[in-house]
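K.L.:
Sequence:
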Amino acid sequence: MQVSVRRSALYSLRTARCRQSRAALLSSALRFLFPGVRTVFRETGVWETNYLAQTRRRVEKWWHPRIMAQWEKEALEEDSNRKKFYVLSMFPYPSGRLHMGHVRVYTISDVIGHFQRMRGHKVLNPMGWDAFGLPAENAAIERGLDPEEWTKSNIQLMREQLDSLGLCFNWDREVTTCLPDYYKWTQYLFIKLFEAGLAYQKEAVVNWDPVDQTVLADEQVDENGRSWRSGALVEQKLLTQWFIKTTNYAKPLLDALEELPEWYGVKGMQANWIGECTGCYFDFKLKVEGKETGETLSAYSSSPEMVFGGAYVAILPSHRLLHGSSSVRSVLQKAFQPGRDCLTEVTAHNLFTGLEVPVIISHKEAFDDYLDTVVGVPDCSEEELSVARALNLSWTPVLKTSDDGDQTLINSKEFSDLSREQAFHSITQKARSQGVGGYLTSSKLRDWLISRQRYWGTPIPVVHCGSCGAVAVPEEELPVTLPKAPSLTGKGASPLGAEHDWVTCKCPRCKGPARRETDTMDTFVDSAWYYFRYTDPHNPDRPFERRLADHWLPVDVYIGGKEHAVMHLYYARFLCHFCRDQGLVAHREPFWKLLVQGLIKGQTFKMADSGQYLRREEVDFTGEEPAARSGGRMEVTWEKMSKSKHNGLDPQEVVQQYGVDTVRLYILYAAPPEQDILWNVKTDALPGVLRWQSRLWQLVSKLRGARQLGNVPDPSQLKKKELEEARRIWENKNHAVQQVTHHFTEDFLFNAAISRLMGLTNTLNSAAVRVVQHSVEFEEALAVLVMMVAPMAPHLASELWAGLCEVKNPLCPLLLRGGDVLQQPWPIVDPQYLEVPDIVELSVLINNKLCGKVAVPLQVSKDSSRVQQLVLDSPIGQKLLSERSIKRVILSPRTHLMNFLVDE
1 MQVSVRRSAL
11 YSLRTARCRQ
21 SRAALLSSAL
31 RFLFPGVRTV
41 FRETGVWETN
51 YLAQTRRRVE
61 KWWHPRIMAQ
71 WEKEALEEDS
81 NRKKFYVLSM
91 FPYPSGRLHM
101 GHVRVYTISD
111 VIGHFQRMRG
121 HKVLNPMGWD
131 AFGLPAENAA
141 IERGLDPEEW
151 TKSNIQLMRE
161 QLDSLGLCFN
171 WDREVTTCLP
181 DYYKWTQYLF
191 IKLFEAGLAY
201 QKEAVVNWDP
211 VDQTVLADEQ
221 VDENGRSWRS
231 GALVEQKLLT
241 QWFIKTTNYA
251 KPLLDALEEL
261 PEWYGVKGMQ
271 ANWIGECTGC
281 YFDFKLKVEG
291 KETGETLSAY
301 SSSPEMVFGG
311 AYVAILPSHR
321 LLHGSSSVRS
331 VLQKAFQPGR
341 DCLTEVTAHN
351 LFTGLEVPVI
361 ISHKEAFDDY
371 LDTVVGVPDC
381 SEEELSVARA
391 LNLSWTPVLK
401 TSDDGDQTLI
411 NSKEFSDLSR
421 EQAFHSITQK
431 ARSQGVGGYL
441 TSSKLRDWLI
451 SRQRYWGTPI
461 PVVHCGSCGA
471 VAVPEEELPV
481 TLPKAPSLTG
491 KGASPLGAEH
501 DWVTCKCPRC
511 KGPARRETDT
521 MDTFVDSAWY
531 YFRYTDPHNP
541 DRPFERRLAD
551 HWLPVDVYIG
561 GKEHAVMHLY
571 YARFLCHFCR
581 DQGLVAHREP
591 FWKLLVQGLI
601 KGQTFKMADS
611 GQYLRREEVD
621 FTGEEPAARS
631 GGRMEVTWEK
641 MSKSKHNGLD
651 PQEVVQQYGV
661 DTVRLYILYA
671 APPEQDILWN
681 VKTDALPGVL
691 RWQSRLWQLV
701 SKLRGARQLG
711 NVPDPSQLKK
721 KELEEARRIW
731 ENKNHAVQQV
741 THHFTEDFLF
751 NAAISRLMGL
761 TNTLNSAAVR
771 VVQHSVEFEE
781 ALAVLVMMVA
791 PMAPHLASEL
801 WAGLCEVKNP
811 LCPLLLRGGD
821 VLQQPWPIVD
831 PQYLEVPDIV
841 ELSVLINNKL
851 CGKVAVPLQV
861 SKDSSRVQQL
871 VLDSPIGQKL
881 LSERSIKRVI
891 LSPRTHLMNF
901 LVDE
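Numbering (UniProt numbering), first residue to last: 1 to 904.
Careful, some of the hints might be misleading.
Cβ pair distances, simulated, as ranges [unchecked claim]:
1) 869 - 257: 49 to 59 Å
2) 561 - 858: 33 to 43 Å
3) 370 - 477: 30 to 40 Å
4) 159 - 500: 56 to 66 Å
5) 364 - 235: 20 to 30 Å
6) 639 - 180: 36 to 46 Å
7) 855 - 97: 57 to 67 Å
8) 675 - 294: 54 to 64 Å
9) 181 - 143: 18 to 28 Å
Simulated crosslink set (EDC-like; lysine to aspartate or glutamate; CA at most 20 Å straight-line) [claimed, not checked]:
10) 640 - 653
11) 484 - 181
12) 61 - 653
13) 444 - 222
14) 643 - 676
15) 202 - 283
16) 593 - 674
17) 444 - 283
18) 84 - 550
19) 84 - 172
20) 192 - 545
21) 334 - 283
22) 287 - 203
23) 184 - 476
24) 202 - 295
25) 184 - 475
26) 152 - 142
27) 122 - 172
28) 267 - 563
29) 721 - 731
30) 506 - 476
31) 291 - 222
32) 152 - 130
33) 122 - 72
34) 122 - 78
35) 122 - 556
Rather than coming from a laboratory, the hints here were simulated on the basis of the structure.
Quick reminder that beta carbons are idealized off the backbone N, C-alpha and C, glycines included.
The whole structure should be built from the sequences, with the hints applied where relevant.
P.N.:
What follows is the structure in structure tokens.
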């Protein structure tokens with residue numbers, strides 16, 4: 001067997017030398033004919049022994065355009081045989097400058113993109129711009145500029161910054177939400193919602209930002225009642241607003257979470273946001289003195305199966321009907337008496353049951369969660385029974401309880417004699433089919449308020465006609481484009497005001513005079529579907545071709561900040577569910593795996609008394625602890641990087657100082673993606689990744705030096721001890737491939753992947769000279785190491801690979817493939833490594849005393865419960881532990897040791 005292996009190795013060596021000679025001749029000819037086409041180390045003709053700062057700069061300058069050009073070339077290649085992989089990072093708002101948070105999220109997506117392409121996938125890693133919104137409009141007002149020009153200039157600047165970071169995006173699929181060719185289809189989707197009865201307009205008490213002069217959704221107001229953008233105390237106003245009925249999808253959105261893999265706690269956040277979907281709304285028509293008023297009211301029932309037993313509909317004193325322009329306002333106000341339940345002359349006709357019940361004004365300031373209208377069913381609760389009795393109301397009992405406790409429905413038409421559970425499903429299903437409610441939702445969920453009273457947003461494609469009411473703009477007339485903004489003199493001074501010529505139009509239905517809707521959409525509407533548009537970004541006829549969306553979706557890995565874990569993800573999931581029901585796509589869920597990233601925080605220095613943040617030059621660092629140069633007590637904390645807190649970093653300055661690859665490795669190594677990074681270049685991971693890059697360079701230098709002309713490798717010269725070392729290198733290589741691949745595909749612990757690669761680096765660094773010179777295992781492990789580094793540090797790895805491929809007399813077939821490192825297939829574990837499971841000797845201690853060892857498979861050696869069972873089933877366990885009471889079992893996380901603490 002050993003002789004056969006050696007013969008095979010010698011044959012590969014002879015073949016390699018022949019190929020190497022041909023490659024060398026071709027390379028010399030190319031250098032003579034095209035002296036500019038050469039790798040960095042060939043510029044001097046010498047491989048530099050050390051990876052110095054100037055070497056790093058030359059390497060990155062050389063490889064940067066080549067890596068990006070190769071990515072673009074392969075992205076344009078049609079290859080239907082390759083499996084797709086869609087990696088998506090949340091697109092940025094074009095503020096004009098990247099921050100370190102941007103660098104972190106886009107580095108992660110870039111790494112995953114390179115890795116998956118090396119695994120043979122056709123990768124989609126697109127980028128675009130969430131370009132509408134208040135910041136651009138406010139900045140334009142402050143500078144006297146058009147927000148469109150301001151936004152476009154920022155996009156140009158930020159795109160240049162992204163390119164300078166070596167990030168490989170599919171720029172041919174770039175989308176910008178403020179361009180008509182994008183928001184035309186945002187409007188199209190809105191019209192689809194409108195036609196489905198899911199987009200509607202009503203008066204509502206809303207959150208008003210007095211500084212930004214616009215409405216805010218509840219989730220855009222912090223726990224202190226302040227605006228998430230301006231910081232102003234939010235006021236309550238009654239305005240006519242546009243809503244999207246997301247509550248109709250609450251239960252499907254909640255249930256679909258079970259089908260998804262774990263999302264680092266975000267699934268729980270989504271479920272909590274939605275709430276328990278145990279109730280639903282029913283629609284009522286309001287009447288006064290038996291005549292319909294034209295008002296429709298939706299009231300929540302926590303027990304829909306008992307809706308035939310409703311005694312009243314209750315509204316809060318703050319309800320819009322008491323304060324807006326409704327036709328029943330005067331009637332309700334006449335009956336209202338603060339502090340008590342008030343019976344009114346308004347009645348509500350239940351469109352599902354056909355029953356009519358009185359409307360009462362509750363004495364409460366709030367119902368459960370966000371409810372402001374509820375159906376009162378005396379059979380449901382003692383409280384609702386008490387209200388009905390106090391107001392001397394009549395109702396129909398609907399619940400019968402048998403002697404054994406079973407409950408069935410009575411007096412409920414065709415639903416009588418059903419169990420409560422059966423009636424719950426039957427009643428809600430029929431209400432949905434009749435279009436009068438019945439969609440399961442929670443008491444804490446509201447419909448999505450999308451109206452914004454500002455200019456820089458997607459126009460809502462609706463016109464208001466005196467005869468026809470609200471009418472959707474026909475599809476063939478889309479997009480409804482924004483008019484030019486000649487002057488924005490103050491916040492809220494929208495050119496969409498009633499006096500603007502753009503507002504006057506004709507009704508699409510009756511052709512009579514009409515006025516355009518002047519509210520624009522919340523930017524969350526734009527970002528609720530952009531992942532679709534990336535699959536077909538230039539389609540002029542529809543938002544996306546279903547065939548293409550079905551091919552790419554769901555997004556395999558979605559990457560972004562945890563601050564978007566509730567709102568954006570909820571809205572995007574809702575819209576995907578809706579598009580599925582419209583037949584636009586096959587998938588109900590848009591994202592498969594979610595990777596949330598933490599913040600990058602900088603150190604802040606703040607005066608304790610005034611709260612003023614200090615610049616670093618205002619702080620004295622000469623003592624044991626930092627102190628304010630001006631005197632006074634100073635607080636030192638870590639906070640999200642911000643210019644106002646003087647703790648921000650310009651990514652370009654950091655890259656200029658340390659290099660692109662160093663910054664990438666630092667971001668990946670400093671912490672797992674979901675954790676915050678505390679940026680401190682002196683004490684944290686940065687020195688470690690700098691040293692590691694140098695060690696990688698030295699390993700290639702070491703092999704090149706060992707294989708100089710005349711030093712022909714011969715594996716047959718290795719002695720037993722050296723063969724054993726080569727075997728350990730082989731095992732370490734396979735273990736690294738196994739672990740790093742797992743981290744890149746399953747848990748995304750890039751810091752753990754780098755640690756494993758550092759371990760392999762140390763193993764190779766300590767290899768004996770003869771093992772370096774004569775073993776194929778060393779050469780192959782080094783090649784594999786460089787290949788696994790490539791997605792994370794592509795410039796360095798590209799240069800290392802070029803250096804490896806010019807090693808004299810190579811033994812490893814990997815170095816004969818040709819192409820750059822990012823074009824190589826991702827390494828796989830050797831089949832022989834998987835044939836025999838690794839076994840480890842586990843030391844068994846009882847009350848801290850060694851009692852023997854037990855062999856356990858390496859794969860389960862970290863699983864405490866499985867290891868404990870294996871020990872208990874072993875002869876040692878049977879003899880020493882079977883009849884003893886075990887109080888505690890401790891499995892050492894670092895050594896193969898398990899300690900049983902038992903009663904003596």
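K.L.:
Evaluate each hint against the coordinates.
P.N.:
To see whether the hints hold, each was checked on the structure:
1. 869 - 257: 49 to 59 Å: violated, 33 Å
2. 561 - 858: 33 to 43 Å: holds, 37 Å
3. 370 - 477: 30 to 40 Å: holds, 36 Å
4. 159 - 500: 56 to 66 Å: violated, 33 Å
5. 364 - 235: 20 to 30 Å: For residue 364 and residue 235 the Cβ distance comes to about 23 Å; the hint holds.
6. 639 - 180: 36 to 46 Å: Holds, at about 40 Å.
7. 855 - 97: 57 to 67 Å: holds, 58 Å
8. 675 - 294: 54 to 64 Å: Taking Cβ atoms as reference, residue 675 and residue 294 lie about 55 Å apart, which means the hint holds.
9. 181 - 143: 18 to 28 Å: holds, 27 Å
10. 640 - 653: holds, 18 Å
11. 484 - 181: holds, 16 Å
12. 61 - 653: It holds: about 16 Å lies between the C-alpha atoms, which stays within 20 Å.
13. 444 - 222: holds, 17 Å
14. 643 - 676: Judged against 20 Å, a Cα distance of about 18 Å means the pair holds.
15. 202 - 283: Distance ~14 Å between residue 202 and residue 283 Cα, so the pair holds.
16. 593 - 674: holds, 14 Å
17. 444 - 283: holds, 18 Å
18. 84 - 550: Given pair residue 84, residue 550 holds - Cα atoms ~11 Å apart, limit 20 Å.
19. 84 - 172: holds, 17 Å
20. 192 - 545: Holds, at roughly 16 Å.
21. 334 - 283: violated, 24 Å
22. 287 - 203: holds, 19 Å
23. 184 - 476: Answer holds: residue 184 to residue 476 is near 10 Å, not above 20 Å.
24. 202 - 295: Since the Cα atoms of residue 202 and residue 295 sit roughly 10 Å apart, the hinted pair holds (cutoff 20 Å).
25. 184 - 475: holds, 9 Å
26. 152 - 142: holds, 17 Å
27. 122 - 172: holds, 15 Å
28. 267 - 563: It holds: about 14 Å lies between the C-alpha atoms, which stays within 20 Å.
29. 721 - 731: Satisfied, since the Cα-Cα distance of roughly 15 Å is no more than 20 Å.
30. 506 - 476: Holds. Residue 506 to residue 476 sits at ~15 Å (cutoff 20 Å).
31. 291 - 222: Given pair residue 291, residue 222 is violated - Cα atoms ~43 Å apart, limit 20 Å.
32. 152 - 130: Within the cut-off at roughly 12 Å; holds.
33. 122 - 72: holds, 12 Å
34. 122 - 78: Satisfied, since the Cα-Cα distance of roughly 9 Å is no more than 20 Å.
35. 122 - 556: Between residue 122 and residue 556 the Cα gap is close to 12 Å, so the pair holds against 20 Å.
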